[in-house]
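> For the sequence shown, my numbering begins at 1 and goes up steadily by one.
Accuracy of the hints is not assured; some may be wrong.
What the hints assert, rightly or not - Restraint ranges, calculated between C-beta atoms of paired labels, are given here:
no.	residue 1	residue 2	range
1	T132	A53	16 to 26 Å
2	A133	R68	16 to 26 Å
3	R68	N159	16 to 26 Å
4	P183	E33	16 to 26 Å
5	V88	A133	17 to 27 Å
It is worth saying that the hints were derived from the structure and are not from the lab.
Here a beta-carbon is modelled for each residue, glycine too, at the ideal position from N, C-alpha and C.
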Amino acid sequence: GVPADGIIEDGESSLDESMLTGEYLPVTRRVGEQVVGGSQNMENPLTVRVTHAGNNARVAGIVDLTDRAFASRPRLAQMAARMAHLFVLRLLVVTACVTVAWWFIDPSRMLWVLLSVLVVTCPCALALATPTALTAGHGQLRQRGVLITRADAIESLSNATRVIFDKTGTLTRGEMQLTQTCPLNEQSS
1 GVPADGIIED
11 GESSLDESML
21 TGEYLPVTRR
31 VGEQVVGGSQ
41 NMENPLTVRV
51 THAGNNARVA
61 GIVDLTDRAF
71 ASRPRLAQMA
81 ARMAHLFVLR
91 LLVVTACVTV
101 AWWFIDPSRM
111 LWVLLSVLVV
121 TCPCALALAT
131 PTALTAGHGQ
141 LRQRGVLITR
151 ADAIESLSNA
161 TRVIFDKTGT
171 LTRGEMQLTQ
181 TCPLNEQSS
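Generate the whole structure from the sequences, applying the supplied hints.
Quick look at the structure:
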């Protein structure tokens, strides 16, 4: 792969930039043209003068966007955290009532009943399930070449009525198929 952004000083080759651009067809790059770190050289050796490397490279910007998306908490995760907080408050009230009741019913079993109520009603699953599901979804999308730049993008997508794609190659797989034939003249000659 091409390790950094740069300008070709010698050579000509086909580069697969699909990971960065979404275009499935390799592009030919010649002397004087730019290459992007993260693309794959498919044919010939190239001599490239590095212009941007490390944190300044284009691929680092994409990684930054992904990291920013994971750092922000989507509305769904915030709502789950609020619900877990309210659930814990109610749980403490119920636990106090159960403790007082068992103090009068059978004080020797009170501690075990109290612990049982706390273990069975633990909101950990609620607090952990949402971020785990969102992280798994982001990972699956990234493997399919979809870059998520905002954490709440998946949630917002459920309300979308139209989707606009800004370039060719976005929705194709590079496998041409004949899906339908429409003869101009139905009569045989």
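> All hints are to be evaluated individually against the structure, with a verdict given for each.
Outcome of the hint check:
For the pair T132 and A53, the beta carbons lie near 35 Å from each other, so the given range of 16 to 26 Å is not met. Checked against the given bound of 16 to 26 Å, the beta carbons of A133 and R68, roughly 20 Å apart, stay inside it. Taken as a hint, the range 16 to 26 Å holds for the pair R68 and N159, whose Cβ atoms sit roughly 22 Å apart. Hint check: P183 to E33, Cβ distance near 45 Å, so the stated range 16 to 26 Å is violated.
Checking the proposed 17 to 27 Å range against V88 and A133 shows it holds: the Cβ atoms sit about 21 Å from each other.
Taken one by one, the earlier hints fail for this structure at numbers 1 and 4, listed in ascending order.
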